[in-house]
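Trainee: As they're listed, the protein sequences go chains A and B. Counting from 1 along the first sequence, just add 1190 to a position and that's the residue number in our numbering. Counting from 1 along the second sequence, just add 16 to a position and that's the residue number in our numbering.
No wet-lab data here; the hints were simulated from the structure. Treat the hints loosely; a few may be bogus.
Not the full set, but computed from the structure, chain B residues with beta-carbon under 8 Å of chain A [claimed, not checked]: (1) Pro37; (2) Leu43; (3) Val44; (4) Asn60; (5) Ile64; (6) Glu65; (7) Leu69; (8) Glu73; (9) Leu76; (10) Val79; (11) Pro83; (12) Glu84; (13) Val88; (14) Ser125; (15) Asp134; (16) Glu135.
Using N, Cα and C, we set each Cβ at its ideal position, and we do this for glycine too.
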Amino acid sequence: MVEQTFEVNERRSGDGVPVIVVTGEIDVATAPALRECLQTTIDGGAARMVVDLLGVSFLDSTALGVLIGALKRCRELGGRLDLVLGEQRIVKVFEITGLTEVFTIFPTVDEALRA
Amino acid sequence: MTSTTDREAGQVGDVIELSLPVAADLLVVVRLTAAAVASRAEFNVEDIEDLRLAVDELCLPLVRSAPEGRLVLRFIRTADSVEITACVDGPEASGGPDAASHDPEDALSAQILDALVDEHGWDGTGSRCWLRKRRSSLPV
Chain A
1191 MVEQTFEVNE
1201 RRSGDGVPVI
1211 VVTGEIDVAT
1221 APALRECLQT
1231 TIDGGAARMV
1241 VDLLGVSFLD
1251 STALGVLIGA
1261 LKRCRELGGR
1271 LDLVLGEQRI
1281 VKVFEITGLT
1291 EVFTIFPTVD
1301 EALRA
Chain B
17 MTSTTDREAG
27 QVGDVIELSL
37 PVAADLLVVV
47 RLTAAAVASR
57 AEFNVEDIED
67 LRLAVDELCL
77 PLVRSAPEGR
87 LVLRFIRTAD
97 SVEITACVDG
107 PEASGGPDAA
117 SHDPEDALSA
127 QILDALVDEH
137 GWDGTGSRCW
147 LRKRRSSLPV
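Whenever a hint applies, use it, and build me the whole structure from the sequences.
Mentor: Here's what the structure looks like:
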């Protein structure tokens, strides 16, 4: 089994909305890099963002904690943080933790940006 | 990996032991081992993924609370399940449920384990955690 390398990058949509693109596995080793990226984006003045997890092959409770923390900060600033999920096994983690009721989840980045 | 003869009725004797430094970036090795054991136990693809996540969640409190030492895991394949125990062998070894109770991810971790495995818990000393997942169906 070849593990996909973890990467997190920020790009901007045509409207200037930050899109955080994550690939690979988000666990206790890689979650700090995601936290830092989200923090930097929020500190840069963005309270509305989309986190694209389509390329994520694994995530655990550490990753969920990071996403929840960023969601809270965005909401405190009057904004929102939406997720883009594709893989059923990733959706399942959000379902069993009840977080599908907390996050707004979209199947594509375009749909998230149009919301 | 070793395979021994049946120890008792219904038992298959695969016992795999894994010892590695306590390091966040080595949990991937634990997950890969769990997936390999689950595959050998003829778990279906979904159950293999479940066990991969479950063993990660099992080890998280140990990794978070023990800055050094060795993470020691024992994978046991029985006739219809996989059992995994984990502990830290080292000077700072602790990590029981009380030690990690203030971690905000703990509740999420417990929810995930509740959903993915049949049984999980800590031993009486709070130093060793374990889980058991039964095979949901035989492969077609």
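Trainee: The structure should be examined with respect to each hint, and the outcome stated for every one.
Mentor: Each hint tested on the structure:
1. Pro37: Since the shortest Cβ distance to chain A is 13 Å, the answer is violated.
2. Leu43: Because about 6 Å separates Leu43 (chain B) from the closest Cβ in chain A, which is inside the 8 Å limit, the hint holds.
3. Val44: holds, 6 Å
4. Asn60: violated, 13 Å
5. Ile64: Violated. Min distance 10 Å.
6. Glu65: With a closest approach of 5 Å, the Glu65 (chain B) hint holds.
7. Leu69: holds, 6 Å
8. Glu73: Nearest chain A Cβ about 6 Å off; hint holds.
9. Leu76: It holds, given that the least Cβ distance between Leu76 (chain B) and chain A is near 6 Å, below 8 Å.
10. Val79: holds, 6 Å
11. Pro83: Since the shortest Cβ distance to chain A is 13 Å, the answer is violated.
12. Glu84: violated, 16 Å
13. Val88: Constraint on Val88 (chain B) not satisfied, violated at 18 Å.
14. Ser125: holds, 4 Å
15. Asp134: violated, 15 Å
16. Glu135: violated, 17 Å
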